[in-house]
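Q: For this one, chain A is given, so just place chain E on it according to the hints.
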Amino acid sequence: MTTTAPPRPAAPATPPSPPSPGRRVLNRLLRWWRQLTAMRTALMLLFLLAVAAIPGSLLPQRSLSQTNVNRYFAENPTLARWLDRLFLFDVFSSPWFAAIYLLLFISLIGCVVPRAIEHGRTLFTPPPPAPRHLQRLPENAVLATPLAGPAALDVVEEELRVRRFRVVRRDGRNGPEVSGEKGYLRETGNVLFHLALLALLLGLGAGKMWGYEGSILVTEGQGFCNAAQQYDTYSAGPLVSGGDLTPLCVDLEDFEARYEENLTAASYTADISYDVDGGQPVATTIGVNDPLRTHGDRVYATGHGYTPQFSITLPDGTAFTDLSAPFLPSDQGTMLSQGVLKVPDLGAGSTEQLAIEGFFAPTGVLQAGLLTSVDPRPLDPQVGINVYTGYLGLDSGLPQSVYSLDQDLIDRGALTQVGRANLAVGESTTLPDGTVVTFSGFREFAAVQVSHDPGQVWVLGAAVAVLVGLLGMLLVRRERVFARVVPGPDGGGTVLSIGSLTRGSADTGPRFTALTDDVGAALATRAAQAPAAAPPLSEEAPPS
Amino acid sequence: MIDESLARLSDTFFTVAVVVYSLAMVAFCAELAFGRPARSRQLVGAGAPVEGASAAGEPARARRLGSVAMLLTGLGALAHAAVLVTRGMAAGRLPWGNMYEFSTVVVLVAVLAYLVLAVRAPELRHIGVFVLGPVVVSLALIRMVLYVEAGPLVAALRSWWLAVHVTTATLGFGIFFVSGIVSVLYLVRSRRDERAASGAVMAPSLLDRLPSAAVLDRTAHRTAVFGFPVWTFAVIAGAIWAESAWGRFWGWDPKETWAFIAWVVYAAYLHARTTSGWRGRPSAWINVVGLAVMVFNLLYVNFVSTGLHSYGGV
Chain A
22 MTTTAPPRPA APATPPSPPS PGRRVLNRLL RWWRQLTAMR TALMLLFLLA
72 VAAIPGSLLP QRSLSQTNVN RYFAENPTLA RWLDRLFLFD VFSSPWFAAI
122 YLLLFISLIG CVVPRAIEHG RTLFTPPPPA PRHLQRLPEN AVLATPLAGP
172 AALDVVEEEL RVRRFRVVRR DGRNGPEVSG EKGYLRETGN VLFHLALLAL
222 LLGLGAGKMW GYEGSILVTE GQGFCNAAQQ YDTYSAGPLV SGGDLTPLCV
272 DLEDFEARYE ENLTAASYTA DISYDVDGGQ PVATTIGVND PLRTHGDRVY
322 ATGHGYTPQF SITLPDGTAF TDLSAPFLPS DQGTMLSQGV LKVPDLGAGS
372 TEQLAIEGFF APTGVLQAGL LTSVDPRPLD PQVGINVYTG YLGLDSGLPQ
422 SVYSLDQDLI DRGALTQVGR ANLAVGESTT LPDGTVVTFS GFREFAAVQV
472 SHDPGQVWVL GAAVAVLVGL LGMLLVRRER VFARVVPGPD GGGTVLSIGS
522 LTRGSADTGP RFTALTDDVG AALATRAAQA PAAAPPLSEE APPS
Chain E
28 MIDESLARLS DTFFTVAVVV YSLAMVAFCA ELAFGRPARS RQLVGAGAPV
78 EGASAAGEPA RARRLGSVAM LLTGLGALAH AAVLVTRGMA AGRLPWGNMY
128 EFSTVVVLVA VLAYLVLAVR APELRHIGVF VLGPVVVSLA LIRMVLYVEA
178 GPLVAALRSW WLAVHVTTAT LGFGIFFVSG IVSVLYLVRS RRDERAASGA
228 VMAPSLLDRL PSAAVLDRTA HRTAVFGFPV WTFAVIAGAI WAESAWGRFW
278 GWDPKETWAF IAWVVYAAYL HARTTSGWRG RPSAWINVVG LAVMVFNLLY
328 VNFVSTGLHS YGGV
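Note that the protein sequences, when read in sequence, are chains A and E.
According to the working numbering, numbering within the first sequence proceeds without interruption in unit steps and concludes at 565.
According to the working numbering, numbering within the second sequence proceeds without interruption in unit steps and concludes at 341.
It is worth saying that the hints were derived from the structure and are not from the lab.
The beta-carbon is built from N, C-alpha and C at its ideal position, and this holds for glycine as well.
There's no promise every hint is true.
A short, non-exhaustive set of chain E residues, derived as facing chain A with CB atoms under 7 angstroms [stated by the list, open to error]:
no.: 1; residue: Leu-50
no.: 2; residue: Ile-169
no.: 3; residue: Met-171
no.: 4; residue: Val-175
no.: 5; residue: Pro-179
no.: 6; residue: Ala-182
no.: 7; residue: Phe-260
no.: 8; residue: Pro-281
no.: 9; residue: Ala-295
no.: 10; residue: His-298
no.: 11; residue: Ala-299
Excised from the complex, chain A in its bound form (with noise of 0.2 angstroms):
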């Protein structure tokens, strides 16, 4: 995971006396550890990373949708089945997913952390010694000056400390020589971006083990508190126990969904009130794009749709009135909702259950007998429904889905249909033993989603960690520069090399150019000022 591998000590010529077992193993081991650590094996975790998250976005995944996870299973029972034990519906929590990630992380730290020590160390050192032969360097030039060799040198150190170099003056073995180096920044840089990718793993974890989210669907004028048992669905990190959910509880007011001319849906808004540990209750109001963050969870409205109102009237004239269940949109374009209102109860006396069954239109239009729905907006609201008397099966023990009826209850007969109708509001419908169905209203609903993450504000910096040391990293160049001096070969002036080095740009040229000519300027002024007693300046000698 770095970008070129620190050059690896040769390996010490093995002694002719076996080694000893325990040497052994640890030699194993050590060799494990510089494959694991080396870059081709994290190239290679890098292409696997990718290729184990494809699966992910071509099946469905539970994370995502159960339902059709479900559905999946129904179509290819025998493949699923498969599926399912190679974790293909659960690929970004599977075991496999987590090796190749925890393993690529290992070889990042393998890699990174002798890196970072070498840097700090670096970071604390003077410049190296200027190597021997400056006119291999990639960049070099020979300058010739009637000045003093220190002289010369405090020329370029000079120049060099004006673009911001760290400069060491040194007496080396071929003469007096100056090192400079900057762009430590660059390093930095790598570092930060690696060791923050591993700091985003850990907020990620963090989140996973200690955040909970739930969702309920609130029709206005309902509520619900933060506990796991009221939400529709709940799940939470392992380290998440009952009592650590916030004490919140949430009403809804008021949903208003608006529209732009052609239907485009413009903004959803919930007026919600909630309170805090049964404080005072704040009313505020949430929508799109607009949670409400408060005690370090969000409350979101993710969805709406509408709960129709239905009453009965018994033949003894038992009234029930404000029965209502939320339908859920089969289509968000025209809000066309399906759904169920199980009656499991209708009285003293009565051993049979009710349900009616069907849809609602905000805007109804019925073609060929079919109600459907052309507007989102609840400009004309119908429901067609098919109601059913018999056994509901709630106290079945067997879970079944609050928006649908149990198909299997209808062909055994436990459920038997007694009426049909569309309804506008207002209407009502006669079952043939005399009971009276009204469609009395309708009121609006929301999907709320309530959820806790402690770990996202260190995702979020972490991330940006990721950003600005991936910036230092690819835009800082590393140059370093010397200078030797020299005497003259006449016996008069100084004859100044210089050669650089840099890393991260391949337009080195023009800029070392401009250091060269910048101090071969700054010579020739400082031997004008100088007393002249020597030969005059040749400008820039053939290198050597």
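A: Using the frame of chain A, we list chain E on its own:
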């Protein structure tokens, strides 16, 4: 709400842009055809002296054609930009709210990225026909398959983050587009060089007018280096937006998954270029795979799978 006449004007500009780009492509072709260095002509024995060959070994006629091609590309880019400006004005919003608009912006970014490259390093001008070819084909497909009438944004997109996330995503995509094309050219060119070096007799080809393999490789790398932080930022901005729009910052929605895959592939590309055994052709292949992933992400995720990123008709 929607200014119909402006929307129609936008569609007209689209046609103009495609036509002008096509003309530019023809001019680039002609430049390559007439601009063969005199040396290679003599090799095939055409024999006729090349008139007005400049000191750079490039006939004046070819240079003129090249300038015309560059000018046409610039004009095409202006018309292309006008498509988006007029559409944005017609709908009263940023013109990248659906797939038609998004892909149109991506292609514009690619053209602009090419223009920047060609102005900074004139030898890269010669890849023009290989950039404008895909550009014209993409635009034609966008117009035929993805076109939707100008309309208002869906509720979820009405956020300040649209400007941040989608803009940077199109920028990153457009830059990777050019980088991928340059890598393809590098693969073609280096293969040709290898065969020539192994002594195979090669018929002269327009490919000889491409920049050298080293230049192509370096250009592909540098554009990808520029695109990578932009793409990283786009993904981070998307996550921040998703946190307030969808209730979580990352949920492995198909688009997110493929954005992640693309990120990993480009990270692999940048690493591979400094890994021994992967320099040169293998790493160029990774860059090409990266572009394929980007295109797949655009097409597959919006057409085949259903995810949270399915917006605005398509």
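Q: Evaluate each hint against the coordinates.
A: Each hint tested on the structure:
{"no.": "1", "hint": "Leu-50", "result": "violated (33 angstroms)"}
{"no.": "2", "hint": "Ile-169", "result": "violated (21 angstroms)"}
{"no.": "3", "hint": "Met-171", "result": "violated (23 angstroms)"}
{"no.": "4", "hint": "Val-175", "result": "violated (11 angstroms)"}
{"no.": "5", "hint": "Pro-179", "result": "holds (5 angstroms)"}
{"no.": "6", "hint": "Ala-182", "result": "holds (4 angstroms)"}
{"no.": "7", "hint": "Phe-260", "result": "holds (6 angstroms)"}
{"no.": "8", "hint": "Pro-281", "result": "holds (4 angstroms)"}
{"no.": "9", "hint": "Ala-295", "result": "holds (4 angstroms)"}
{"no.": "10", "hint": "His-298", "result": "holds (6 angstroms)"}
{"no.": "11", "hint": "Ala-299", "result": "holds (6 angstroms)"}
Consistency note: the structure conflicts with the earlier hints numbered 1, 2, 3, 4.
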